[in-house]
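For reference, the chains in residue letters:
There are 2 protein chains.
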Amino acid sequence: MSADRAASEGGEGDGAERVEIFDTTLRDGEQSPGISLNTQEKVEIASQLARLGVDVIEAGFPITSPGDFEAVEAIARTVSGPVVCGLARTQKGDIDAAWGAIKDAERPRIHTFISTSDIHIEHQLRTDRDDVRGQARAAVAHARELCADVEFSPMDATRADVEFTAEVCGIAIAEGAGVINVPDTVGYTTPDEYTAYLRRLYELLPELRDVRLSVHCHDDLGLAVANSFAGIQAGARQVECAVNGIGERAGNCSLEEIVMLLRTRRHDHGFDTAIESTELARTSRMVSRFTGYVVQPNKAIVGRNAFAHESGIHQDGVLKERTTFEIMDARDVGLDSNQIVLGKHSGRHALKDALEQLGFVVEGNALNQAFKRFKELADKKKQVTALDLEAIVSDEMREREDAHDLAWFEVEAGSRREPLARVAVKLPSGEEAVGESGGDGPIDAIFLAIQKAVDTECELRQYTVEAVTGGEDALGEVTVMLRVAGRLATGQGVATDILEASARAYVRALSNALEGAAVREAEAATAEAAVERTPGP
Amino acid sequence: MSADRAASEGGEGDGAERVEIFDTTLRDGEQSPGISLNTQEKVEIASQLARLGVDVIEAGFPITSPGDFEAVEAIARTVSGPVVCGLARTQKGDIDAAWGAIKDAERPRIHTFISTSDIHIEHQLRTDRDDVRGQARAAVAHARELCADVEFSPMDATRADVEFTAEVCGIAIAEGAGVINVPDTVGYTTPDEYTAYLRRLYELLPELRDVRLSVHCHDDLGLAVANSFAGIQAGARQVECAVNGIGERAGNCSLEEIVMLLRTRRHDHGFDTAIESTELARTSRMVSRFTGYVVQPNKAIVGRNAFAHESGIHQDGVLKERTTFEIMDARDVGLDSNQIVLGKHSGRHALKDALEQLGFVVEGNALNQAFKRFKELADKKKQVTALDLEAIVSDEMREREDAHDLAWFEVEAGSRREPLARVAVKLPSGEEAVGESGGDGPIDAIFLAIQKAVDTECELRQYTVEAVTGGEDALGEVTVMLRVAGRLATGQGVATDILEASARAYVRALSNALEGAAVREAEAATAEAAVERTPGP
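The listed protein sequences correspond, in order, to chains A and B.
Positions 1 to 537 (the numbering used here) are the ones given, in order, by the first sequence.
Positions 1 to 537 (the numbering used here) are the ones given, in order, by the second sequence.
Treat the hints loosely; a few may be bogus.
Chain copies aren't distinguished; within one or between two, either way the pair holds.
[As the list claims (entries may be wrong)] Straight-line C-alpha distance at most 20 Å; calculated SDA-like pairs for lysine to any residue:
1) Lys92 to Arg129
2) Lys380 to Gln369
3) Lys426 to Arg416
4) Lys375 to Ser415
Just so you know, these hints were derived from the structure itself, not from any lab.
Same shape as in the complex, but just chain A (with noise of 0.2 Å):
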């Protein structure tokens, strides 16, 4: 046992070396299917990045849609503190994409990428070993012109001729990269393997140590975290990862496990981050909501159960002496931040404070609305929490103008019955258009009711269910998931009825689904759009 209090307060100063986090959640977490966030979400993720510390935020790929380079540009100029990275292939088209989107960051980068692996080059890129040096070479030397931060990427390393690599990285790095970044793309490799690699190219590429080398792990094998750790302890000073560890399949290293595994054992390893530990709880939660996807409760650091005091158990042991079973304080993760409770009676000054210290800047209109909202929270609910705010406040930013809404519904249903829902949406016009249907239940009645009263055929794909807060009287937040016209969106909706939650939801993701229609149609419309989907480091 070494780490303990202090563990929240960054831990330099103690000898341990710095190991730069360079979160990817909003490019490669982005990427996941179904995931589909706004510019504002984006945005507001952005920001709670810079309040946990993390020193890189890779705000998108901005030449695969105008919406990613719109998100990119809006964290470029509004976030402050990180370097804001935009990825870019090693065509010309990307980079320049890349830079007009971070140009205006305080900390602009590039990050450019192309596959060293004979499997990659032969069947993804079509291409030959000579042609992927001169495009890392020409892509690296048109970043540099245009930005002085320039990380690069020799995609799918891991499965690659280490000499080859070692050669291209050379190149990087003769034309001025300053990040050059080791990814094990399919998450294939092992701790030991990963290591050998390493120590190899340090040794075909002694540059290498002149630039800071980075790592990048997926966990298709559930290794990312070791693989990062093994990378870091042979000489990686930045590690690329993932709130929640989201991510392509089964995700990137998770942060806030990275995170806490330095800091637990920094005393013995002698690394640490520059990680405010006591955000990490609340940025997983903002993470999980927006995207939809669930923290399971046996995650490491952020999962329900992960400290045991929080389960209601007080286990025998952890009575005595809470390091005989656990190694870390609950506190270090915020995980007692759900202390904020307003009431009935709080006014709108106090929400506004309570807002703020969880990081909410919301005035006029917006803090009108959420005061509206609260207020109908307090009368159902004795205690309103942190939780719950987070909740309402997150549930208000989606709201947009311009969009489909829910303007009412009612049901009848019952086990001996077949159910009968009537919704009423309100159109981007201004119009409300009602919809009358049975189903097997009353939320596929509901759903049913909203496809006729919009006139548009929806697929479901997913239907998730979760409580904000503890209680009878708990916020439900629902996640729908709908294909519409081959496209997957989702949408989310907080209540306490999960009626209302579910139609909520399902209203948001059929308009995001047919804004983002909207959107495709005009990228097709440009040549220059058609880009290959390509899943990048």
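Use these hints to put chain B onto chain A, whose structure you have.
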């Protein structure tokens, strides 16, 4: 790339060294807060573990409650194939109880443990090293008098003095323990440390080479799989793990991850297991359903997104050549088992066949009941898939004669009125009790009406809904966790109507809690049952 087809076939005969899989889903996993499996569910999971091909099933901790004893005994009597293991502290009573429960198994094992770390010895056991030596010696000696197969664990070994741990393990071996398990009880170690620890243990205790070395790792820092793998590389030939990685706090090493890591990389690392990997997905679903513990979408191997092609998004590279971004084939983990499909006109015989393919042996009245539910469902859904069948049969298995049951309900609700629910609950006596209530939403109203009907106060701790399959007409599966009179209990319900599924889940959770409370009162009445809660390795 190396592993591929043939991955489901067990992989022996190609020179890979066999690692045994010791599954602790029903012991360490079942100790997670809020999980309350009944004997029938435990037997069903154990039978599935046997089909999966695990080597050892740790079926429970018999001394802790009559319910645990009964379940271990039932598993020992009905499940054939794997070793059936019961956990015991070093006390004679524990070991006698473990033996009493497992003695009818084909291959029984007693697993006994005591801490060797000073922090546990002082704060949990409140004793000294000499006493630990004596207890270990007496426990293993007594266990060996009863049972030929005895496993010993020095709890919290990774935080203990390695020399003292070696000494205690040496005593256990001298007394006849055939398996020595070195647990990372609090999830504190790292792969390099664990490797060094085990190497040192071999140096200090050469007799360790004569027995089977086992590893048992917790995931508090996200390293359970990597540490287990490091243990195997250092000489361990048994891995203790749990399905979906459930267990105390952040859980145990995930069974499916370590199995697929060894299999996918067996040509490089030379290890494999006897697991029938095509059973992994189904086992994961069953455990998730019975425990109410969701699997996050980005969970490796069994998460919804673990395989890109499952998500409906075929990435460009994957289409060109599967191995560009996928190192495993979804078919190898059984993700194609959803191909069994029945329709409206399928008969009883087709249903019975389909259920048998899914591993359910259902006959007589249970088959009639399942057929009735199937027909009701087939009226609502165009196609009934394997996932649907699993869900309705699992739901039927939850029905018990002597429990509370949902009789009927009626609800009226809407965004412009207060909801009103009337619910009738069938009591264990056979009578129907009706309750009526308003609430914050229709589900709240139903839950309050149930409380009124049975005249019992309950606190809702958790409420989750998951769609069993995609589509508008999907079955919804609701899990409710209640706290009733200080006791946590869960219940599940399945229906196309979310209100009905919720009402069923609530009544079952309530019934489980009341039954548990009855068991606890009976236990408290017997002096012997005053067993201190202890988490085990």
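To see whether the hints hold, each was checked on the structure:
1. For a Cα distance limit of 20 Å, the shortest separation of Lys92 from Arg129 inside one copy, 19 Å, qualifies, whereas the shortest one across copies, 68 Å, does not.
2. Taking the closest pair of Cα atoms, Lys380 and Gln369 come within 20 Å of each other only inside a single copy of the chain (17 Å); across copies the shortest separation is 41 Å, beyond that limit.
3. For the homomeric pair Lys426 and Arg416, the shortest alpha-carbon distance between copies (16 Å) is at most 20 Å, but the shortest distance inside one copy (32 Å) is not.
4. Within a single copy, Lys375 and Ser415 get their C-alpha atoms only as close as 34 Å, which misses the 20 Å cut-off; across copies the closest is 17 Å, which meets it.
When held up to the earlier numbered hints, the structure conflicts with none and fits them all.
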